[in-house]
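Visitor: Required output: the full structure, derived from the provided sequences and hints.
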Amino acid sequence: MLFRVKKLKMFNLRDTMFINTDTLHSLGIIDAEAHPHSHNRGPNASSGAKEGLSVYGLFHRLARTPQGRFLLRQCFLRPSLNIDVINERLDAVKTFSRAENASALDTLVNNMRNIGNMRVMMINLRKGVGGSTLTRSGLSRSVWTAVRGVQALYPRL
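So in this note's numbering, spot 154 of the sequence shown is number 792, and the numbers just go up one at a time.
If you are wondering where the hints come from, they were derived from the structure by calculation, not from laboratory data.
Values in this document were obtained by computation on a predicted structure and should not be read as measured data.
We treat Cβ as the ideally placed atom computed from N, Cα and C, and that holds for glycine.
Warning: the hint list may mix true and false statements.
As the list claims (entries may be wrong) - Computed Cβ-Cβ distance ranges for the label pairs, DEER-style: (1) Leu709 with Phe656: 12 to 20 Å; (2) Ala737 with Gly766: 44 to 52 Å; (3) Asp722 with Lys765: 36 to 44 Å; (4) Arg642 with Glu738: 46 to 54 Å.
Claimed, not checked - Restricting the straight-line Cα-Cα distance to at most 30 Å, the calculated cross-link-like pairs of lysine-lysine (DSSO-like) are: (5) Lys765 with Lys647; (6) Lys765 with Lys644; (7) Lys765 with Lys645.
Guide: Here it is in structure tokens:
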């Protein structure tokens, strides 16, 4: 099988803490359990493993979008050492957990729930793949249908 590298991306780990896999499992931060169905067992989460009883497992249900789950997992895998980043995250949690922000948070969560996996959508958009599958409402949710819908709303774009 031939693999093609299309893009290299550099990122800096200077302000992040390195935690090896054994430490993550020993501390109970991330702990994937094998799926009980024998055909779905595998070494990573996409191959049928499910998140077990861990710190990440307690929080991952609160992330409503695939992008949110990915970012939350990255926060647990590579915790920040930068005090400003830590304080920004704490401020965000404090803001969202205030009682007076509950209705705004519910509205935000409901709106975000309708957004698909943007990473996959952007990959498909670059490839030109439509994937026109029909939803329960009978409308297609493919990438190109979404682009045409935006173009219909904003013809000058």
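Visitor: Each hint needs a verdict: does it hold in this structure or not?
Guide: Against the structure, the hints:
1. Leu709 with Phe656: 12 to 20 Å: 19 Å, holds
2. Ala737 with Gly766: 44 to 52 Å: The hinted range 44 to 52 Å holds for Ala737 and Gly766, with Cβ atoms some 47 Å apart.
3. Asp722 with Lys765: 36 to 44 Å: The hint (36 to 44 Å, Cβ to Cβ) holds, given that Asp722 and Lys765 are roughly 38 Å apart.
4. Arg642 with Glu738: 46 to 54 Å: 51 Å, holds
5. Lys765 with Lys647: The given pair, whose Cα atoms are some 19 Å apart, holds under the 30 Å limit.
6. Lys765 with Lys644: 12 Å, holds
7. Lys765 with Lys645: OK: Lys765 and Lys645 at ~14 Å, within 30 Å.
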